[in-house]
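K.L.:
As given, the protein sequences belong to chains A and B, one line each in that order. Just so you know, our numbering puts 403 at position 403 of the first sequence, and the rest follows in order with no gaps. Just so you know, our numbering puts 211 at position 211 of the second sequence, and the rest follows in order with no gaps.
What the hints contain is simulated information worked out from the structure, not anything from laboratory work. Some clues are possibly wrong.
Stated by the list, open to error - In silico BS3-like cross-links for lysine-lysine, where the CA-CA straight-line distance does not exceed 25 Å:
| id | chain 1 | residue 1 | chain 2 | residue 2 |
| --- | --- | --- | --- | --- |
| 1 | A | 174 | A | 126 |
| 2 | B | 405 | A | 164 |
| 3 | A | 183 | A | 169 |
| 4 | A | 178 | B | 237 |
Protein chains: 2
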Amino acid sequence: MIVLDGLGDRPVLSQGYRTPLEAAVTPNMDRLSKGGLLGLIDPISPGVKPGSDVANMALLGYDPNRYYTGRGALEALGAGLVLHPGEIAFRCNFATVDHSMRVVDRRAGRIHRYTSRLSKELNRMKLESTPDLKVEFKPTVEHRAVLVFRGSGLSRMVSDPDPKAHGLKVVQSKPLEKTHEAKKTAQALNEFVRTSHEKLKHHQVNKERIERGEAPANIVLPRGPGTNPELPSFKTKFNLRASCVTGTVLIKGICRATGVQVLHVRQATGGLRTDLGAKVKSVIDSFAQSDLVFLHIKGADVASHDGDFKSKVRFLEEADGAIGKIMDEVDIAENYILVTGDHSTPVEIREHSGDPVPVAMGGPDVPSSRVTKFCEAAASRGNLGRLRGLDLMPIVTDFIGRSSKFGN
Amino acid sequence: MIVLDGLGDRPVLSQGYRTPLEAAVTPNMDRLSKGGLLGLIDPISPGVKPGSDVANMALLGYDPNRYYTGRGALEALGAGLVLHPGEIAFRCNFATVDHSMRVVDRRAGRIHRYTSRLSKELNRMKLESTPDLKVEFKPTVEHRAVLVFRGSGLSRMVSDPDPKAHGLKVVQSKPLEKTHEAKKTAQALNEFVRTSHEKLKHHQVNKERIERGEAPANIVLPRGPGTNPELPSFKTKFNLRASCVTGTVLIKGICRATGVQVLHVRQATGGLRTDLGAKVKSVIDSFAQSDLVFLHIKGADVASHDGDFKSKVRFLEEADGAIGKIMDEVDIAENYILVTGDHSTPVEIREHSGDPVPVAMGGPDVPSSRVTKFCEAAASRGNLGRLRGLDLMPIVTDFIGRSSKFGN
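Take the sequences, apply the hints, and build the full model.
P.N.:
Here is the structure:
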């Protein structure tokens, strides 16, 4: 199961009213579409714009309406931390604020070095307002990090200190419900943010960054509070040994929460320059020991958020090449290959949208759509119709002969 | 959002196995279909035959399974009455019964004059069986009216006195649950119906009608009990300022219940001879002050209930002309136009059916279906697939950039 992050798009007027997928030369995905099942998937339901967390949960068969407990928890698990019941996790950015606490750069110049040194000032921070809490802070990829509050009497019903836009001031977190737990959590969070600024603003790493003309990573902005999601294991739910190849912390987190084995691929960065070859090798190597391999490729979403049509086209063509290599190695007479996206990210919007994404699946005994292109418009004429993210795993398990009967 | 009441139909053998929409010349709706999203909508779910109340609620994004509390309430709101918790409203017909209380004409010869004079005998009626109740009665359009019982200890779980067919006797309302409230409401309702006959049968208006050879409006037949629906406002739910152009009391009621502004159009009658030009002008005028304008056009449903294929074709062509005028005035490079129906009313059945209705939407960045006709069969080959009424508003809000993200 290959998931191209941010795959779907809308036609772009300046590009001949084509989508990136329509403009891209993708012979391998086209071949898969023509010879197999082809259709459209609404990650959640038609028109609903999903975050990556709920979208990928749905594709893996976990209903977010039932199981979703906030993104921070999945990020923390993905970063290798453990979460116990009642603990609260946040995803964080190192960011740059000016003297009036106005956000100048939400990503601190996309800092990618020395975040471990900065983090030493923040991990195990003692909070005066909530001395019973333990603070765990861990940097992940580039400017990203996770924060966990360990202790009792906490709630994830608090607002984000991150204003999520440049030029706005850092926000005071507020309780979103009238409970002692939410009040306590907001208080701890505000102290953490304030203290992060005090500890980082004169840090040696930042002095050097300023000297080099780079934005200082002088504050941490948490968002997306979450508690440990109590997910039934993938093995229990689908009777499948599954493994995952990804460079994205969130996806690793979802896999850890579901017991899907995350394979280590050093060169998988989750960016546009990710080493697809290394990912492909890892997928092929893991075939023998897995019933299902989940390959998540991030690049198309990065290009979409940058609003870069050409870059998205180029990355989709690279991904198609990688998929071609997998198709060469995998015996399609005995195995199934599925390609889809977790959501649409139109390059003209630069954010997720509620549009459906194409899906194609090839393998033994799969009906042929006879539609010769893998793209949004062609997929709407496919033989699979328009489905929801949660429909995918039942179809997969049914074809691979691992479905269980409903009724008798 | 333009809703053509009773739009959908089935192929009619004597008309070359075409539906009215297939027989109609509709260049504007065809253009919208070809250049935009095209598909089928099941107002509720496949095969479910909806009333106009639940169908229009669903199109506006309100789940009838959660929010529907009976049609009478929506009719009362549409007639300008106020409903408080616990009060019960009914929609009513002035009708004609013979000396044995057998219904001769359910619409009293489609009476359209002097219903206010008749209503003076009924409004504020004192009921002997339930002296604590206040009765409010108000005529609306032609033979139609609304009745409200104000007071405490009432229930909407009572059967209709209206037998809903000619030749049958007026029915005694019965409690549909074993509660004191349902018993009391049925008792009050039966006394109201009986008394309406006593007060109307010798009324001067009816003496004159009989002299002119017209059916006397000698009884009131209530049906469809409802309580005030507690709907979240459209503004809260979708962050949109919406307005509505309609000649139909029910649609006005749904709008009042959701805080959608109902624009007054004097010539909009909700019939076949409604002034579409006046409606179009009102839609165009309201564009500047609204994020969404809901235009409800009744005529096609009237022709369908009359079983008149040619009249339905003619009305659909008129409606297409009106839609063309809106398309001319609205800048499609910046705005969206959506056309659909609230349900199907096949002319050969003369009642609502559970068939899906076509939907087409044009506007910026909308993918082209390249299907050149707006009709039931062509819509089944469109790029939108087959959706449900409740899916419509999420898709609309996503395209106009007002959707909120699920997850993170």
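K.L.:
Determine for every hint whether it applies to the structure shown.
P.N.:
The hints, checked one at a time:
no.: 1; hint: A/174 with A/126; verdict: holds, 21 Å
no.: 2; hint: B/405 with A/164; verdict: holds, 14 Å
no.: 3; hint: A/183 with A/169; verdict: holds, 21 Å
no.: 4; hint: A/178 with B/237; verdict: holds, 23 Å
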